[in-house]
Structures are given as C-alpha cells and as structure tokens.
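Starting from the known structure of chain A, fit chain B onto it as the hints suggest.
Protein chains: 2
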Amino acid sequence: MVSVAIMGHGVVGSGVAEIITTHKQKLFASVGEEIYIKHILDLREFPDSPLADRFTKNFDDIINDIDVRVVVEVMGGVNPAYDFVKRCLLSGKSVVTSNKELVAAHGAELLKIASENNTNFLFEASVGGGIPIIRPINQCLVANNVSEIAGILNGTTNFILTKMINEGMNFDDALKLAQQLGYAERNPEADVEGHDACRKICILASLAYGKHIYPDAVHTEGITKITLDDVKYASIWGGVIKLIGKVKRLPDKKCDIVVAPMLIPSKSQLANIDDVFNGIMVRGDCTGDVVFYGKGAGKLPTASAVVADVIDCVKHLKNRKYLFWADSDNSSVIDYKESVTAMYIRAIADNTADAYNKAKSLFSDIHILENSEAKENEIAFVCEPMAYGEILNNIDALNNSGIKVESAIRIGDL
Amino acid sequence: MVSVAIMGHGVVGSGVAEIITTHKQKLFASVGEEIYIKHILDLREFPDSPLADRFTKNFDDIINDIDVRVVVEVMGGVNPAYDFVKRCLLSGKSVVTSNKELVAAHGAELLKIASENNTNFLFEASVGGGIPIIRPINQCLVANNVSEIAGILNGTTNFILTKMINEGMNFDDALKLAQQLGYAERNPEADVEGHDACRKICILASLAYGKHIYPDAVHTEGITKITLDDVKYASIWGGVIKLIGKVKRLPDKKCDIVVAPMLIPSKSQLANIDDVFNGIMVRGDCTGDVVFYGKGAGKLPTASAVVADVIDCVKHLKNRKYLFWADSDNSSVIDYKESVTAMYIRAIADNTADAYNKAKSLFSDIHILENSEAKENEIAFVCEPMAYGEILNNIDALNNSGIKVESAIRIGDL
Numbered sequence: 003m004v005s006v007a008i009m010g011h012g013v014v015g016s017g018v019a020e021i022i023t024t025h026k027q028k029l030f031a032s033v034g035e036e037i038y039i040k041h042i043l044d045l046r047e048f049p050d051s052p053l054a055d056r057f058t059k060n061f062d063d064i065i066n067d068i069d070v071r072v073v074v075e076v077m078g079g080v081n082p083a084y085d086f087v088k089r090c091l092l093s094g095k096s097v098v099t100s101n102k103e104l105v106a107a108h109g110a111e112l113l114k115i116a117s118e119n120n121t122n123f124l125f126e127a128s129v130g131g132g133i134p135i136i137r138p139i140n141q142c143l144v145a146n147n148v149s150e151i152a153g154i155l156n157g158t159t160n161f162i163l164t165k166m167i168n169e170g171m172n173f174d175d176a177l178k179l180a181q182q183l184g185y186a187e188r189n190p191e192a193d194v195e196g197h198d199a200c201r202k203i204c205i206l207a208s209l210a211y212g213k214h215i216y217p218d219a220v221h222t223e224g225i226t227k228i229t230l231d232d233v234k235y236a237s238i239w240g241g242v243i244k245l246i247g248k249v250k251r252l253p254d255k256k257c258d259i260v261v262a263p264m265l266i267p268s269k270s271q272l273a274n275i276d277d278v279f280n281g282i283m284v285r286g287d288c289t290g291d292v293v294f295y296g297k298g299a300g301k302l303p304t305a306s307a308v309v310a311d312v313i314d315c316v317k318h319l320k321n322r323k324y325l326f327w328a329d330s331d332n333s334s335v336i337d338y339k340e341s342v343t344a345m346y347i348r349a350i351a352d353n354t355a356d357a358y359n360k361a362k363s364l365f366s367d368i369h370i371l372e373n374s375e376a377k378e379n380e381i382a383f384v385c386e387p388m389a390y391g392e393i394l395n396n397i398d399a400l401n402n403s404g405i406k407v408e409s410a411i412r413i414g415d416l
Numbered sequence: 003m004v005s006v007a008i009m010g011h012g013v014v015g016s017g018v019a020e021i022i023t024t025h026k027q028k029l030f031a032s033v034g035e036e037i038y039i040k041h042i043l044d045l046r047e048f049p050d051s052p053l054a055d056r057f058t059k060n061f062d063d064i065i066n067d068i069d070v071r072v073v074v075e076v077m078g079g080v081n082p083a084y085d086f087v088k089r090c091l092l093s094g095k096s097v098v099t100s101n102k103e104l105v106a107a108h109g110a111e112l113l114k115i116a117s118e119n120n121t122n123f124l125f126e127a128s129v130g131g132g133i134p135i136i137r138p139i140n141q142c143l144v145a146n147n148v149s150e151i152a153g154i155l156n157g158t159t160n161f162i163l164t165k166m167i168n169e170g171m172n173f174d175d176a177l178k179l180a181q182q183l184g185y186a187e188r189n190p191e192a193d194v195e196g197h198d199a200c201r202k203i204c205i206l207a208s209l210a211y212g213k214h215i216y217p218d219a220v221h222t223e224g225i226t227k228i229t230l231d232d233v234k235y236a237s238i239w240g241g242v243i244k245l246i247g248k249v250k251r252l253p254d255k256k257c258d259i260v261v262a263p264m265l266i267p268s269k270s271q272l273a274n275i276d277d278v279f280n281g282i283m284v285r286g287d288c289t290g291d292v293v294f295y296g297k298g299a300g301k302l303p304t305a306s307a308v309v310a311d312v313i314d315c316v317k318h319l320k321n322r323k324y325l326f327w328a329d330s331d332n333s334s335v336i337d338y339k340e341s342v343t344a345m346y347i348r349a350i351a352d353n354t355a356d357a358y359n360k361a362k363s364l365f366s367d368i369h370i371l372e373n374s375e376a377k378e379n380e381i382a383f384v385c386e387p388m389a390y391g392e393i394l395n396n397i398d399a400l401n402n403s404g405i406k407v408e409s410a411i412r413i414g415d416l
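Protein chains in written order, with the numbering used here: chain A, 3 to 416; chain B, 3 to 416.
Next comes chain A alone, as it looks inside the complex:
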C-alpha cells in the first residue's frame, strides 16, 4: 500500500479522489499495490464526502507524515502551492501537479530540487488536460530534434472562436455563453488574453529545449479584438482563426515563441479542432508532424492525467524519472519584433485603390482578399513573411497616411 495526499479538493482534486476510488482495481493491476488516499488538504468542509475522515486544514499533517510518499498538488495558483510543493520535494516526497501557473513560474527550480532529493516532480496534467503530451515529448519523441511545437492550448478561447466561426456569434455573446456553460471564469482574462496558453507553451518549450522559458519573455496576444469580419476574411483566405501557442527553434538554437490568434489553413490538422478541445502539433526531424488531440480541461480528463502521474511516481519511488530542464535567463528567446511572419491586415481607407497601392509600396508584395460583402472603404490583404517589427512600422505608416488599420492577425504556417 502506498499512501498519497491530495492538496486541494476543487474540480480536479475531487476528480483525482474519485478516480483513485472508482478505478481501484485497474490501478492495483497496473501498480501491484493499493493507492491509499491518506490526507486531503482543503480549508473548506466536506462532511458528506465518503472520504470525510481524511480531510485536514493543516499542511503539517502531510509534510510530517512519513507514510505519505506522493503528494498531489491541485490547489492552483502560485501561493501557497509553491511553498508546499517545495517542502514536499525537499522532504523526499514525490509531487504531481496539474498547476500550469506553478510549473511555468517555478518549474526549473522545482525540478532541480526533485533531482537533488532523488524524487519525482511530474505535471502531465498541466498541459492539454487529459491529452498525453509531456510524457510523449519527453520519452517517445526523445530521438528527435523538435523544430517546432504549435497548439490550441486553451479550450475556452477555442470554444469562443468556434462559436464565432460556425455560428456567426460575436465575441461578447460567445464569451457570455462560455461563462454560462462553465467553460469560462467570471473574470475571463487569463483565458481570453492568452495568459493560460502562454504558460502552457512555456512548459512545452522548456521541456523540448531543456531550458526554462518564463511567461514574461513571451509576446502574448489574446482574442478579444477578433471580429466577425476577421472570421469572414479568414474563410476567404481559406482557413480559420485559432489562438495558437507556438515555439520554433531557429538555426542558431534561439527560440521564436509567441501566443497569438493566427489564420490557420483549413487543411491543417489544427484547423479542425473545435469547441473546448485542444490539439498540439509537435514537429520532429525524424517523425515529421505528430498531433495530439483531446479534451484539454475538465474534471475527469485532467484528474486522469494526474492519477497516471501518481502511478508513475509509485513505480519510481526509488529512482527518478528523467524529466528535467535547466533554469535560464530567457536569453534564448528572440525579441518578438524579430519574429518573421506573414500577416493578414484589414483597414478602412477613403480611397481603397490608393490604399492598396500604399500597402504594396510598404509591404512589397500583398495578396488582396476579395470580399463581395466588404464594408464600404474596407481593404484586406495578406503580406509576405517579414519581421514583426517591420510589420508594426508599416502599420504605423498606413495609419499615418489615413488608412486606419482595424485588424492585424498572424498567418500560422501550420
């Protein structure tokens, strides 16, 4: 019998307790021992839970219990999760977490502490919910040099964009619906501004390239400015708008990393990932493109990934899994203005013919998007790939000559 503790009894935490209870036999068959939930840490009361006798409000009950070999952290947020996780690892307990904020902010340090204490720090559930992605990148694709990872990493924004694309709903209405359905928080900022996706691409990039990339080094744009006009032009162009987290390794081993809405061609595997689903593409020099698809969030998908990590910890109580990346100062990340991308641009101009000529003179080559339902005085085009800083300068130049740029969205080369 191996004793575990669960810190947090919210959506994911209660799911972890549920799976360990309901899948007892399956887990026993896999691990050869019973997994016993000894403590559940939560400040709230759960008198009706079948595990009511295991609840505690005191972290000391966990840290001081030498029986507890694996601790599940599903509290969310950085504090006090960071302190608790650190102390567990320092005392030689393995830790499993679904907390992307924690891993993105302190992953390198916590992995180092785990390594120094010959214990494990696993976080499969922190990216892609129930989709296997951390272990596949770390183990299955280890014989590859990964040139690029790109994914739809946030289900809430993908649900909103899907409603805009398939049902012509505007952003505000789609967000409201997402909130009604429980997909979006009352304060939706972390999702719609791209911060959640940013944490996840940071974790994947750190894992793939062995150096921690911190969220504050990543240029991040959300989807709040996307309009139904842009959705229409994306369709004319031959694709859809998706919020993409993307990291590309350049020949000098620097990372070009960004989170932003992008126009994705319809034939891309990522274009057909709808609603709250996530999809992650990993491009390896040997495998080519591999794509992982599934539910990126939710109680049981996420909890099942946590439990899989718990099992891995139990199987590796005496030897570490080789999951590791080093700390870094973000110097491997290029300035976002140096990132090369093609761009879709929509603007309003008094004279559209003149405006297209001006755009041509600035961007050298543009592909005009013909729209029979275009608004009066509207122009829209896609420019050739160039440095993002140069595109910003050209957009300034357009605005300064009276051509009001309303939208500028990257073309995702996926």
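To be clear, the hints were calculated from the coordinates, so they are not data collected in a lab. Just so you know, not all the hints are guaranteed correct.
Derived DSS-like pairs: lysine-lysine, alpha-carbon spacing no greater than 25 Å straight-line [unchecked claim]:
{"no.": "1", "chain 1": "B", "residue 1": "K362", "chain 2": "A", "residue 2": "K28"}
{"no.": "2", "chain 1": "A", "residue 1": "K88", "chain 2": "A", "residue 2": "K40"}
{"no.": "3", "chain 1": "B", "residue 1": "K213", "chain 2": "B", "residue 2": "K255"}
{"no.": "4", "chain 1": "B", "residue 1": "K323", "chain 2": "A", "residue 2": "K255"}
{"no.": "5", "chain 1": "A", "residue 1": "K250", "chain 2": "A", "residue 2": "K269"}
{"no.": "6", "chain 1": "B", "residue 1": "K256", "chain 2": "A", "residue 2": "K320"}
{"no.": "7", "chain 1": "A", "residue 1": "K256", "chain 2": "A", "residue 2": "K234"}
{"no.": "8", "chain 1": "B", "residue 1": "K269", "chain 2": "B", "residue 2": "K88"}
{"no.": "9", "chain 1": "B", "residue 1": "K28", "chain 2": "A", "residue 2": "K250"}
{"no.": "10", "chain 1": "B", "residue 1": "K26", "chain 2": "A", "residue 2": "K323"}
{"no.": "11", "chain 1": "B", "residue 1": "K256", "chain 2": "A", "residue 2": "K269"}
{"no.": "12", "chain 1": "A", "residue 1": "K26", "chain 2": "B", "residue 2": "K250"}
{"no.": "13", "chain 1": "A", "residue 1": "K234", "chain 2": "B", "residue 2": "K269"}
{"no.": "14", "chain 1": "A", "residue 1": "K26", "chain 2": "B", "residue 2": "K256"}
{"no.": "15", "chain 1": "A", "residue 1": "K40", "chain 2": "A", "residue 2": "K59"}
{"no.": "16", "chain 1": "B", "residue 1": "K114", "chain 2": "B", "residue 2": "K213"}
{"no.": "17", "chain 1": "A", "residue 1": "K362", "chain 2": "A", "residue 2": "K234"}
{"no.": "18", "chain 1": "A", "residue 1": "K323", "chain 2": "A", "residue 2": "K213"}
{"no.": "19", "chain 1": "A", "residue 1": "K301", "chain 2": "A", "residue 2": "K59"}
{"no.": "20", "chain 1": "B", "residue 1": "K213", "chain 2": "A", "residue 2": "K26"}
{"no.": "21", "chain 1": "B", "residue 1": "K323", "chain 2": "A", "residue 2": "K323"}
{"no.": "22", "chain 1": "B", "residue 1": "K406", "chain 2": "A", "residue 2": "K323"}
{"no.": "23", "chain 1": "B", "residue 1": "K362", "chain 2": "B", "residue 2": "K339"}
{"no.": "24", "chain 1": "A", "residue 1": "K26", "chain 2": "B", "residue 2": "K362"}
{"no.": "25", "chain 1": "B", "residue 1": "K320", "chain 2": "B", "residue 2": "K339"}
{"no.": "26", "chain 1": "B", "residue 1": "K255", "chain 2": "A", "residue 2": "K28"}
{"no.": "27", "chain 1": "A", "residue 1": "K256", "chain 2": "B", "residue 2": "K406"}
{"no.": "28", "chain 1": "B", "residue 1": "K406", "chain 2": "B", "residue 2": "K339"}
{"no.": "29", "chain 1": "A", "residue 1": "K362", "chain 2": "A", "residue 2": "K40"}
{"no.": "30", "chain 1": "A", "residue 1": "K28", "chain 2": "B", "residue 2": "K213"}
{"no.": "31", "chain 1": "B", "residue 1": "K114", "chain 2": "A", "residue 2": "K28"}
{"no.": "32", "chain 1": "B", "residue 1": "K406", "chain 2": "B", "residue 2": "K227"}
{"no.": "33", "chain 1": "B", "residue 1": "K269", "chain 2": "A", "residue 2": "K269"}
This is chain B only, laid out in the frame that chain A set:
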C-alpha cells in the same frame, strides 16, 4: 557506455543506426551514457557503411556477447525473428522491436519471458510508426477504462483511399501509384487485404485489455472491393470511406473487434486523416476521445520510435517497465456475426421502387441515399444498427429476390 545490437539493416534498421549516430548528443543528454552500436546482423554486405566493421552474419556474435544489453529486432517477419528475440530475452537482454507481425503472433509469450527474466520487451514502433501510442495507452491513459480504440492503422490503404476520394482515381490506378511511390509492396496483399491493420489493432487491444487477441480471431476485410460509386455515396451520406481497425469493449467485458472499410462522418477527427498518415482514437471513461496523428510508417519516423524504446531500456536496465498482457484463447472475442453495426448497402435492381420496399421489409428502417448521378437501376441506403449476421442474411434475401447487392460497407460510429 551501453552496447546495443541491431538485427536487420533494411529500411528501419538503417534508420535506427542513422539516428543513434546523428543524434548522439541528444541521446547522451537524455540517458547520461553513450549508446554504442556494437553489432549489426544482416546477411547482406554493406562495405560502404560507416559502421562496416560492426556487421556480422552470425547471431551468436550477439547472443554470446555479454556487453550487449539491448537488442533491436527490425528484421521483420516471424522467422527467425521469433527465435532470436526469445533467446535474447532468455539471456536477460532487453529487446526492442518494430515487428508487428511478431508482436501480434507471439506478444504474450515474449512479454512473459521478459518478465520472468527481469528484462524489457518494448515495441512502440510496431503500431503507428513514429506516433506515440503504446506508451500513452500503457502509461498516460492507465487511469481510464478504455471503452474503444479505433484507428487508421495502415498508411498504404489510406493513401489509396485518399486518391480515390480526392482525385476520383480508381482502386487499381491508386494502388499502382502507391507502388510507384514506394508506399505499397509489389505484393500488396498484407496492406490492401487488411492484415497489417489487423495485427496492429490486435496489439492495441491486447495492451488495453490485458489479454492477447490473436489476428486469426479478428474478422478482417480489405479495401479491394471499394469502388468510386461507393466513394460518391459516402460523400452523399456525409463522410468518407476509411479502413478502420476497431475494438470495442462490451458491458460483459467481451471484445467486439474488426478490421474493415467504414463510412466515417466528415466531422470525425479520423475523417480528416489523409494520405499515408495514421490516426488512432482512444476512448477513455475519464479522458473522453483522445486522438494521435502522424506518419504511421517510413524509415526515420519508425526508427525514432525504436530509438526511444532503446533509451527506455537503457534507463531501465535493472528494473522492468510494467508493459504486460496475459496469453488467452481468444474467448474474449465475440463472433463477428454478433457485432452490431449500421451498414451502407448498394445494389442493382430491375425495379428500384420495389427493391427499396423489399429492403424496408427486411431491414425495418432504412435511410435512402439520393444520388442524382445514380446508375440506372441502382439503389443505395443505410440500415439501422443490427447484428452483422442478420445483415448478411438480409443481403442473401435481397440477392435471392433478384436485387444484386454490389457493396456493403459498415458505418463507423466514430
């Protein structure tokens, strides 16, 4: 330094040697030791290979070398691979293989021998080439009860079907093209008759449910009878025809397993997997549907999966990975005639109105597929789900009443 031997220097074997050589640094970083190719077994001569001094024609050089801890079997076929692999495992060497025929025929026995000798027998590359699937099912989805696995498991047939669907090429021409491009063998039987896909779904089913399912217990149909008329009707129905390997666990824990072409709705994640790509859907009670997509064959994708397994063996030289299933007498597999499915049926009848009435009286409820370009006297419909044996009886009854059934293809509920 860990010494390995590679048995077979064909497409995959030369790829394995290439990756271990060219990705030396990356592998060293992951495993903390150099992986050294000490022997390569092949009956042919490779005087120009940079590893020319490592070649041997004598298996004894490998089995008798106590330095060799991991043996890669990429010869293909059951003999002599089976004998060689067994002897390696019995002598305590870990074995990695990409040989689906071997695993499907002798997996349970070889896993048992590995277990008894405290060594590892890994075969990530045997299904889905470079797509991570064995490890994800075994590790990441372990906290799930898997209710169903369905996949496009054979790239050759998927290429042929894609050409038929997208370019209106007929089967014979598409097969010829596949042969010209090196996707299909000169004798394409194993691919086009579904045997290759059958071996792969057997491996996945054995892994997911813990009991070996042998290929001869699996009803297997190929794609040689698919016509462009069927492709057209599939499109009218709202989908595409794909060769699917599928296993479903019934409430009594019996397995409903089949390999056959199926009509897949366009909105399914498997419908958009084209050309030589593979896609595998795993349905878990906690995760919901998870889909894995990528190149299912080819030198470097397959070899990179083999090398990932080699690394796992090197990391687990002293303790086993918990990859295991028990032998069985196939009694967990239901008779294919008991399998419940909806069916698309196309037939030629002297009087189509009478024929539809006859079909209705036999199948109780049918959905007629309206085709403005239908051939004279052609009828086509989809029946409600019923036992396959019953469908066969009804097809006999149609044929006996002068309604010549030309096609009958399952509806894939995916």
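Structure-based check of each hint:
Using a Cα cut-off of 25 Å, the hinted pair K362(B) and K28(A) is violated, with the two alpha carbons roughly 45 Å apart. Distance restraint check for K88(A) and K40(A): the Cα-Cα separation of roughly 20 Å lies within the 25 Å cut-off, and the hinted pair is therefore satisfied. For the proposed pair K213(B) and K255(B), the alpha carbon gap of about 11 Å is at most 25 Å, so the pair holds. Pair hint K323(B) plus K255(A) does not hold up; C-alpha atoms about 34 Å apart against a cutoff of 25 Å.
At most 25 Å may separate the alpha-carbon atoms for a hinted pair to count; K250(A) and K269(A) meet this at roughly 21 Å. Taking the CA atoms of K256(B) and K320(A), the gap is near 37 Å; set against the 25 Å cutoff, the hint is violated. With a C-alpha separation of about 35 Å, the suggested pairing of K256(A) with K234(A) is violated against the 25 Å cut-off. Distance check on the hinted pair: K269(B) and K88(B) sit about 45 Å apart at the alpha-carbon level, beyond 25 Å; violated.
The straight-line distance between the Cα atoms of K28(B) and K250(A) is roughly 18 Å, inside the 25 Å bound, and the hint therefore holds. Between K26(B) and K323(A) the alpha-carbon distance is near 21 Å, which keeps this suggested pair within the 25 Å criterion. With a C-alpha separation of about 38 Å, the suggested pair K256(B) and K269(A) falls outside the 25 Å cut-off, and the hint is violated. At roughly 22 Å between alpha-carbon atoms, K26(A) and K250(B) fall within 25 Å of each other, so this suggested pair holds.
Taken as a hint, the K234(A) and K269(B) pair is honoured in the structure, with Cα atoms around 21 Å apart against an allowance of 25 Å. Taking the CA atoms of K26(A) and K256(B), the gap is about 21 Å. The hint holds against a cut of 25 Å. Taken as a hint, the K40(A) and K59(A) pair is honoured in the structure, with Cα atoms around 13 Å apart against an allowance of 25 Å. Proximity of K114(B) to K213(B) is assessed by CA-CA distance (about 12 Å); at most 25 Å being required, the pair is judged to hold.
Among the hinted pairs, K362(A) with K234(A) is consistent with the structure: their alpha-carbon atoms are about 22 Å apart, no more than 25 Å. About 18 Å separates the Cα atoms of K323(A) and K213(A), which keeps this hinted pair within 25 Å; it holds. Our distance criterion of 25 Å between C-alpha atoms is met by K301(A) and K59(A), whose separation comes to about 22 Å. Restraint check for K213(B) and K26(A): satisfied, since their Cα atoms lie roughly 19 Å apart, inside the 25 Å limit.
As the CA atoms of K323(B) and K323(A) are separated by approximately 12 Å, the hinted pair is consistent with the 25 Å bound. Between the alpha carbons of K406(B) and K323(A) the distance comes to roughly 61 Å, so the proposed pair goes past 25 Å and is violated. Restraint check for K362(B) and K339(B): satisfied, since their Cα atoms lie roughly 21 Å apart, inside the 25 Å limit. Between K26(A) and K362(B) the alpha-carbon distance is near 48 Å, which puts this suggested pair outside the 25 Å criterion.
At most 25 Å may separate the alpha-carbon atoms for a hinted pair to count; K320(B) and K339(B) exceed this at roughly 47 Å. Among the hinted pairs, K255(B) with K28(A) is consistent with the structure: their alpha-carbon atoms are about 14 Å apart, no more than 25 Å. Proximity of K256(A) to K406(B) is assessed by CA-CA distance (about 65 Å); at most 25 Å being required, the pair is judged violated. The hinted pair formed by K406(B) and K339(B) meets the criterion: a straight-line CA distance of about 21 Å does not exceed 25 Å.
Using a Cα cut-off of 25 Å, the hinted pair K362(A) and K40(A) is violated, with the two alpha carbons roughly 68 Å apart. For the given pair, K28(A) sits about 14 Å from K213(B) by alpha-carbon distance, which is consistent with the 25 Å threshold. Distance hint between K114(B) and K28(A) is fulfilled; the C-alpha atoms sit about 20 Å from each other, no more than 25 Å. Distance check on the hinted pair: K406(B) and K227(B) sit about 15 Å apart at the alpha-carbon level, within 25 Å; holds.
Straight-line distance between C-alpha atoms of K269(B) and K269(A) comes to about 13 Å, which keeps the hinted pair within the 25 Å bound.
The structure fails hints 1, 4, 6, 7, 8, 11, 22, 24, 25, 27, 29 (numbered hints given earlier, in ascending order).
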